[in-house]
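Novice: Each step along the sequence shown adds one to the number in this note's numbering, with nothing skipped, and position 426 is 567.
Honestly, the hints are just simulated from the structure, not real lab data.
Note that the structure is a prediction, hence the values are computed from the model and not measured.
There are no misleading hints in this set.
In silico DSBU-like links for lysine-lysine, alpha-carbon gap of 30 Å or less:
1. Lys-708 - Lys-585
2. Lys-622 - Lys-594
3. Lys-815 - Lys-749
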Amino acid sequence: MTNIPETGRTPRVQIRLIVIQILVLSLLGTLGGRLWYLQIREGDEYAKEASGNHVQQVVEPAVRGSILDARGVPIADNETRLVVSASRTDLLKMKDDGKAVLTKLAKVLGMKPQEVMQKVRLCDAKTPQPCWNGSPYQPIPITDEATAKQALQIRERAEDFPGITAEPEAVRRYPSPGKANTAQVLGYLSPVTDEEITKAQDTDSPYLRSDQVGRSGLEREYDKELRGKAGVTRYEVDNLGRVIGQAEADEAQPGANLVTSIDSRVQRVAEYELNDAMKEARKQFDDNTGENYKADSGAVVVMEAKTGRIVAMASNPTYDPNAWVGGISAKDYKKLTGKDSNYPLLNRAIQGQSAPGSTFKVISTAAAVEAGYDFDGRYPCTSSYSVGGQVFKNFESENFGPINLGRALEVSCDTVFYGLAHKEWQRDGGINPKKGEPKDYFFKAAHQFGLGKTTGIDLPNEVTGRVPDRQWKQAYWEANKDAWCKTGKKDGTYVEKISYENCLEGNKMRAGDEINYSIGQGDTMVTPIQMATIYAAISNGGTLYDPTVGKAIVSADGKSVDEIAPKSHGKLPISKTTLAKMDDALAGVATRGTAAWRFAQVGWPQEKIPMHAKTGTAEVYGKQTTSWFATYTKDYSIVMTISQGGTGSGASGPAVRNIYDALYGVSDDGTINKKNALLPTPQKSLPKVRTDGTIKSPKVAKDPAKQQRVSQEGAPKPEETTLAATVEQPTSGNRNTRRRRRRRGSRRMCT
Numbered sequence: 142m143t144n145i146p147e148t149g150r151t152p153r154v155q156i157r158l159i160v161i162q163i164l165v166l167s168l169l170g171t172l173g174g175r176l177w178y179l180q181i182r183e184g185d186e187y188a189k190e191a192s193g194n195h196v197q198q199v200v201e202p203a204v205r206g207s208i209l210d211a212r213g214v215p216i217a218d219n220e221t222r223l224v225v226s227a228s229r230t231d232l233l234k235m236k237d238d239g240k241a242v243l244t245k246l247a248k249v250l251g252m253k254p255q256e257v258m259q260k261v262r263l264c265d266a267k268t269p270q271p272c273w274n275g276s277p278y279q280p281i282p283i284t285d286e287a288t289a290k291q292a293l294q295i296r297e298r299a300e301d302f303p304g305i306t307a308e309p310e311a312v313r314r315y316p317s318p319g320k321a322n323t324a325q326v327l328g329y330l331s332p333v334t335d336e337e338i339t340k341a342q343d344t345d346s347p348y349l350r351s352d353q354v355g356r357s358g359l360e361r362e363y364d365k366e367l368r369g370k371a372g373v374t375r376y377e378v379d380n381l382g383r384v385i386g387q388a389e390a391d392e393a394q395p396g397a398n399l400v401t402s403i404d405s406r407v408q409r410v411a412e413y414e415l416n417d418a419m420k421e422a423r424k425q426f427d428d429n430t431g432e433n434y435k436a437d438s439g440a441v442v443v444m445e446a447k448t449g450r451i452v453a454m455a456s457n458p459t460y461d462p463n464a465w466v467g468g469i470s471a472k473d474y475k476k477l478t479g480k481d482s483n484y485p486l487l488n489r490a491i492q493g494q495s496a497p498g499s500t501f502k503v504i505s506t507a508a509a510v511e512a513g514y515d516f517d518g519r520y521p522c523t524s525s526y527s528v529g530g531q532v533f534k535n536f537e538s539e540n541f542g543p544i545n546l547g548r549a550l551e552v553s554c555d556t557v558f559y560g561l562a563h564k565e566w567q568r569d570g571g572i573n574p575k576k577g578e579p580k581d582y583f584f585k586a587a588h589q590f591g592l593g594k595t596t597g598i599d600l601p602n603e604v605t606g607r608v609p610d611r612q613w614k615q616a617y618w619e620a621n622k623d624a625w626c627k628t629g630k631k632d633g634t635y636v637e638k639i640s641y642e643n644c645l646e647g648n649k650m651r652a653g654d655e656i657n658y659s660i661g662q663g664d665t666m667v668t669p670i671q672m673a674t675i676y677a678a679i680s681n682g683g684t685l686y687d688p689t690v691g692k693a694i695v696s697a698d699g700k701s702v703d704e705i706a707p708k709s710h711g712k713l714p715i716s717k718t719t720l721a722k723m724d725d726a727l728a729g730v731a732t733r734g735t736a737a738w739r740f741a742q743v744g745w746p747q748e749k750i751p752m753h754a755k756t757g758t759a760e761v762y763g764k765q766t767t768s769w770f771a772t773y774t775k776d777y778s779i780v781m782t783i784s785q786g787g788t789g790s791g792a793s794g795p796a797v798r799n800i801y802d803a804l805y806g807v808s809d810d811g812t813i814n815k816k817n818a819l820l821p822t823p824q825k826s827l828p829k830v831r832t833d834g835t836i837k838s839p840k841v842a843k844d845p846a847k848q849q850r851v852s853q854e855g856a857p858k859p860e861e862t863t864l865a866a867t868v869e870q871p872t873s874g875n876r877n878t879r880r881r882r883r884r885r886g887s888r889r890m891c892t
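Using the sequences plus the hints, can you model the full thing?
Specialist: Take a look at the structure:
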């Protein structure tokens with residue numbers, strides 16, 4: 142008989158009870174440990190978080206810093222407007238998602254209900270503009286142009302407009318039409334997105350949901366400095382949301398001011414002259430196409446030669462940057478981005494790429510000297526140059542006989558450079574060079590001059606251009622070989638023949654490639670800012686500066702000034718002797734060469750202000766020629782280009798001359814009137830920002846608005862953010878005189 146304990150429990154039952162007791166004790170121990178961790182070790186932290194549930198934050202946006210020109214004139218600042226906003230969170234709590242409220246709001250504001258509803262919808266891949274690309278939890282602005290009467294209606298009838306606010310707010314303001322536009326340089330703002338908030342939350346410059354951030358131009362490049370720091374006031378509230386006290390407050394810190402090297406007066410002149418030159422070009426007849434020139438886009442850069450600072454930068458077509466303030470309409474957005482817009486948001490001074498034409502010959506000249514050719518040697522300037530049955534003609538088949546490289550620059554003789562490039566191609570081994578044999582002086586020189594890479598300008602999205610060297614040709618061939626081989630035909634159309642040839646040897650440097658390259662044609666691509674930097678370097682003795690628009694960061698109270706010093710990214714690969722000879726040749730272009738009819742023959746004071754120039758007319762397959770005009774004095778470098786605008790001196794030349802007239806105060810008869818000079822020497826001193834935020838401009842030449850024929854309305858006026866301007870006011874000089882300048886001169890001087 143089995144012995145049973147007095148308790149009546151078998152050993153198995155006892156073991157089970159012990160196990161259960163251990164489990165219970167373990168669970169109690171775990172629970173106790175967790176309670177100790179939460180209440181003792183992390184108690185303070187959780188208490189803090191719990192108290193946060195009873196704290197509401199009120200954000201006071203920081204006032205964004207102003208962008209000033211070199212004299213202290215605001216070119217982007219702030220103004221107070223009545224802003225009507227909607228809380229999307231509150232609207233979505235309603236049965237109809239707030240449609241009834243928004244419809245009533247539209248009636249008060251004089252807007253269409255659909256337009257208001259589009260403003261509050263969120264942007265995504267399937268939702269076109271207008272839409273809200275900021276945080277869905279922050280108030281969404283409906284309009285920043287509400288009248289006092291409209292704002293009062295909304296506030297007095299708050300029960301009819303739940304989730305709607307009408308408050309005075311500081312909003313961005315850009316120059317009014319008629320003044321210097323500077324649109325592509327300034328850029329624009331839009332609301333911060335949730336993704337940007339997340340990325341920046343652990344940085345030294347986090348975003349708040351109420352922030353507006355720069356999307357392009359200076360607004361983007363210097364966003365951190367301009368934005369400032371928003372103020373946050375924290376209120377203690379009870380469970381009913383009633384304020385029972387103020388926890389703490391961080392005052393808003395206004396953003397710093399950005400002082401630029403832009404002179405708004407010169408900017409106004411540059412914008413007008415570019416626009417006027419394009420209009421004049423459209424009146425001219427293109428012999429090749431049988432149509433008038435289209436002159437569909439252009440750019441001009443005015444740069445300080447000794448520092449690289451940008452005095453003016455204009456791009457056309459342009460637009461009114463105020464279109465973005467308070468949210469852009471669907472109509473305006475389509476004008477700025479639609480396929481028929483010609484993309485006015487592009488800053489063609491740093492993003493427009495085209496073949497440079499003969500302005501490239503300064504690089505070919507330097508390459509030839511580096512390769513061992515004597516600058517003062519004699520080279521045949523014939524009417525044409527033949528290679529393998531292909532004939533390359535000089536401009537209008539001119540024949541100047543044997544000339545040196547300086548004279549070749551003056552008269553822009555293509556065949557001199559054809560011959561030099563062809564000889565170098567042959568020296569490098571022709572179409573099948575041995576490995577490591579090619580010297581490629583002409584291509585190396587372009588890289589040394591800074592082409593094929595960005596200049597380093599303090600503006601976003603600058604493009605690199607292109608140097609079509611052997612490495613580029615190989616990569617391009619690999620990317621396009623299959624398409625060329627598929628469409629190419631030996632005996633087909635011109636395009637099919639080219640595809641056939643590229644299929645077979647598109648990765649090889651052919652004689653025609655290097656010949657075309659030597660005069661800035663073919664696959665070579667440059668930007669206006671690159672050429673302005675190169676010609677400024679020739680002016681200053683060989684230093685390639687990083688172009689800069691920002692000149693100093695000045696705190697809102699003026700106590701802190703952080704100057705942005707000029708920086709160099711290299712030296713020109715030219716000896717002082719060669720540079721001096723090239724400088725003399727480029728002066729000859731303005732006095733006896735292809736640009737003489739724009740300067741020497743129309744009263745330019747060459748002895749007092751030595752002018753140097755190079756004209757360029759670039760051929761583009763399927764389009765009309767691109768006009769280039771590159772110039773410099775001891776103070777400035779000015780480069781202008783007009784797409785499908787004709788010849789360099791014919792289309793861009795008069796406009797560049799007029800900009801110089803305005804800078805130096807040159808009258809129609811060639812005399813210098815200092816009272817009319819806008820900026821005879823670069824601006825060195827900075828405007829002073831006082832502690833109260835007001836600005837004291839440095840002493841400069843008086844604004845010659847009365848004497849100088851540059852009216853306040855003398856800049857292109859964007860029509861409802863239109864793409865091309867239509868103003869008619871002259872900028873400098875008598876209009877009839879300026880027209881004579883455009884017509885004077887022979888066709889042979891238009892290269």
